[in-house]
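Peer 1: Sequence:
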Amino acid sequence: MDRKVALKQCRNIGIIAHIDAGKTTTTERILYYTGRNYKIGEVHDGAATMDWMVQEQERGITITSAATTCFWLDHQINIIDTPGHVDFTVEVERSLRVLDGAVGVFCAVGGVQPQSETVWRQADKYNVPRIAFVNKMDRVGADFFRVVKMMNERLGSVIVPIQIPYGQAEEFEGIVDLIRMKVRIYEEDSLGTVFREEEVPAELREQAESYREAMYEAIDGDGSHGILERYLDGQPVPEEIVMKALRELTVKNKIVPVVCGSAFKNKGVQALLDAVVHYLPSPEDIEATKGKNLKTGEDEVRMARDEEPLSALAFKVMNDPYVGQLTFIRTYSGTLSAGSYAYNSTKDKRERIGRLLRMHANKREEIEAAGAGDIVAAVGLKYSTTGDSLTDEKSPILLESIVFPEPVISVAIEPKTKSDQERLSISLGKLAHEDPTFQTRYNNETGQTLISGMGELHLEIIVDRLVREFNVSANVGKPQVAYKETIARAVDAEKRFVRQTGGKGQYGHVKIRVRPLERNAGFQFENKIVGGAIPKEYIPAVEHGIRESAENGELAGFPVVDFAVELYDGSFHAVDSSEMAFKIAGSMAFREALQEAGSNLLEPIVKVEVVLPEEYLGDVIGSLNSRRGKILNMESRTGSQIVTANVPLAEMFGYTTDLRSMTQGRATSSMEFSHYEEVPQQIKELVVNGKS
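Everything in the sequence shown is counted per the UniProt record's numbering, starting at 1 for the first residue and increasing by one.
Just so you know, the hints here were simulated from the structure itself, not pulled from any lab data. Since we're looking at a predicted model, the values are computed, not measured. Careful: at least some of the hints might be erroneous.
As the list claims (entries may be wrong) - Distance windows between CB atoms, simulated: (1) 526 x 674: 25 to 33 Å; (2) 636 x 158: 21 to 29 Å; (3) 540 x 146: 55 to 63 Å; (4) 239 x 657: 51 to 59 Å; (5) 205 x 5: 34 to 42 Å; (6) 635 x 523: 36 to 44 Å; (7) 668 x 580: 53 to 61 Å.
Claimed, not checked - In silico lysine-lysine, DSS-like type, Cα no more than 27 Å apart, as pairs: (8) 536 x 504; (9) 349 x 536; (10) 292 x 125; (11) 347 x 382; (12) 349 x 382; (13) 607 x 478; (14) 290 x 394; (15) 244 x 4; (16) 607 x 630; (17) 244 x 182; (18) 252 x 292.
Beta carbons: idealized from backbone N, C-alpha and C, even for Gly.
The whole structure should be built from the sequences, with the hints applied where relevant.
Peer 2: And the structure:
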């Protein structure tokens, strides 16, 4: 396959961070300096290329991950700009699953914030090598060295500054390159394109030497590169040796190099691009892709080469008003051509690749083929959804999928007119197809359609998209917490479903054992039938009946989670038994088990961080305690206090307004989902009786 650059000169990277750290602004500067954009788009003007959705431009935040390609130092860089808001964590999760490297952006004032830690943990999960960019060095209160200290304390990574700032806050003029021991000073009026290099001034020399020595120790602690030895002997250390050691350790995820700058003021972005090229891995540098060979059942490895059989992962689906459904694909090995066929090994379906596109935010460039390491969008796929494997039909392989968190908040939604009814159902289905953290559920008891997501903003955007993209008007209820139910103890249940109405009857008989599991274990079904008591073709029907029944619990109709069902006995009728009969028997047996075992109510707990002036500390802690909060940590930061607490989500509605009035608008808060926890008895009674 013809390539613009060799595979070793490709970089697949993501820009990850807390909200408002400056990810999209950084990406816009990258596009400007690499020649992808002829002018700079600003987030606050609603003109950022990567924030192309109307909802993003109105709110000044990133909602969906946007992909683009640019070139720097003869290297091709495929970039995915991800959201920082906790409600859109799905976009970060699926992007990190398919990327080879990432740039973590940190605010020089705010430092390591809650969502910074969350996205960092997500990158740890997928073992993604990273560079850190301390942004907003021009802001009042900027402190590079405090941020580096916070990163060392909170992120669990070996943080290695390879630059330090030349001035901070309003005095920020440029960067000190610790490898070359040069200062790069940017000219204000040149949009960062003109800079000069000078020797490190005397007043900075001692600090720069100290950080350079720390860098040498971090990358050559074992002496294998001879860097420390040369340095301590007073000999010059060649740049190439230092850069080689930095690259080796970054690719192995042993260290995180740190650079700094101000994307908004156009300082330090070219040096960040240099670091992406020099230190982050190519598709050839990362571990070979592993999967299960569906013919042999054995684990199989695929190298990042065009000559290998195709292995690719669909990591995102979105609806485009002009071309229909777009499926974003990362190819790990082999090639994918427009007009060819691929085998979806997850769904056991053959897919035709209609067209292949290289995306630049929401603009499209048609291409003939994609090779190993490419990130492209395909048109024409009918069955593939997020997390599906696309492989060679003759050498099928199943790659590791993507696991997403469960929704924590729900609202009731109903169409405004009868003509909207069918369109609402179709539109919600399309949106759920795009976003694995968005779910729709019909409550049989209330006759309402419930939509569930990761937060109020997430659902607000969904409703906004219904109106703008699908032209569906709907009435939306108040947000409700997505409670869940789980069984209180292990029980056995038996149910025989018999129906005789003339002609062929219905017969299904099951015996099940239901037991609770630990939190987040989900649902486990165990087939312990021996001797053919129930024919194996009816076993999936029993499981299906239980799954359906578990969607509405006994307490208050919430989904039942974290339990195991063991199907251990039963009987069948040679003529009257059917899948439907066993599905109904399974469902009835599970309802009986729920009634006998009793149920506990689970509620989502969120981790809340409040940054406030010290004089309001007592009021804020009192307010969190009154909301059933548990204080986890308190720390001081120049002029401010930071309080971290776990609080039930049900108690957090309206908290931002209360906090604003309590502190005269001087405090800020952020929250992210933490875990599910059992609800206290008195609250449980209120929820079950519909008073909470």
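Peer 1: Run every hint past the structure and note whether it holds.
Peer 2: Outcome of the hint check:
1. Between residue 526 and residue 674 the CB atoms are about 30 Å apart, so this pair conforms to the stated range of 25 to 33 Å.
2. Taking the beta carbon of each, residue 636 and residue 158 are about 26 Å apart, inside 21 to 29 Å as hinted.
3. Under the hint 55 to 63 Å, the C-beta atoms of residue 540 and residue 146, about 57 Å apart, fit the expected range.
4. Taken as a hint, the range 51 to 59 Å holds for the pair residue 239 and residue 657, whose Cβ atoms sit roughly 54 Å apart.
5. For residue 205 and residue 5, the hinted distance range of 34 to 42 Å is satisfied, since their beta carbons lie about 39 Å from each other.
6. Here the CB-CB span from residue 635 to residue 523 is close to 40 Å, well matched to the stated 36 to 44 Å.
7. Our hint of 53 to 61 Å for residue 668 and residue 580 holds, since their Cβ atoms are close to 56 Å apart.
8. This hinted pair checks out: residue 536 and residue 504 have alpha carbons roughly 21 Å apart, not beyond 27 Å.
9. Taking the CA atoms of residue 349 and residue 536, the gap is about 24 Å. The hint holds against a cut of 27 Å.
10. A distance of roughly 20 Å separates the Cα atoms of residue 292 and residue 125; the hinted pair therefore holds under the 27 Å criterion.
11. Distance restraint check for residue 347 and residue 382: the Cα-Cα separation of roughly 11 Å lies within the 27 Å cut-off, and the hinted pair is therefore satisfied.
12. With a C-alpha separation of about 9 Å, the suggested pairing of residue 349 with residue 382 holds against the 27 Å cut-off.
13. Proposed proximity of residue 607 and residue 478 is supported: the alpha carbons are some 22 Å apart, at most 27 Å.
14. This hinted pair checks out: residue 290 and residue 394 have alpha carbons roughly 17 Å apart, not beyond 27 Å.
15. As the CA atoms of residue 244 and residue 4 are separated by approximately 25 Å, the hinted pair is consistent with the 27 Å bound.
16. Restraint check: the Cα-Cα separation between residue 607 and residue 630 comes to about 10 Å, which is no more than 27 Å; the hinted pair holds.
17. For the suggested pair residue 244 and residue 182, the alpha carbons sit about 19 Å apart, so the restraint of at most 27 Å is met.
18. The straight-line distance between the Cα atoms of residue 252 and residue 292 is roughly 24 Å, inside the 27 Å bound, and the hint therefore holds.
Comparing the model with each earlier hint shows no violations; every hint is respected.
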